[in-house]
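For the sequence shown, the numbering used here gives the first residue as 1, with consecutive numbering after it.
By construction, these hints were calculated from the structure, which means they are not laboratory data. C-beta: ideal position from N, C-alpha, C; glycine also. It is possible that part of the hints are untrue.
Unchecked claim - So the derived label-pair ranges between C-beta atoms look like this: (1) H5 with L41: 42 to 52 Å; (2) M30 with L62: 32 to 42 Å; (3) V91 with G70: 27 to 37 Å; (4) I88 with H47: 31 to 41 Å; (5) I79 with V101: 27 to 37 Å; (6) R7 with L41: 49 to 59 Å; (7) A60 with A36: 49 to 59 Å; (8) N103 with A63: 42 to 52 Å; (9) V71 with H47: 48 to 58 Å.
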Amino acid sequence: MTSQHNRPDELEQRERLLREKEVEIRLREMEQEMSANNPPLHKTVRHQAEDSPKPWMKKAILAGKLFTLGVVALVAVRIASVLAGFVIIGVLGWVAYKLFVENSKKSS
């Protein structure tokens, strides 16, 4: 009776071992395929352009861009301050109208 109970367990253990060996073999085959497919690596070299601008030219271009940005910012601030002045004058005029002119009309 014990041999009947051990027989399926023994078969399962053999199947498990066989599957493990198959997996190991397949992994080794895949590793060999991967190592065979590796292309040779070539060392790359950075291309040096003959007409590249000089370092001082790059700095001059950057300084020009910053100067332009500063001028644009100053002009934007001036325009914003003029518009803010118009808004303030308008609000003050409207408040004065509400306080003095409308109240005079209602009183009469």
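Run through the hints listed earlier and report the numbers of any the structure violates, in increasing order. 1, 2, 4, 8 and 9
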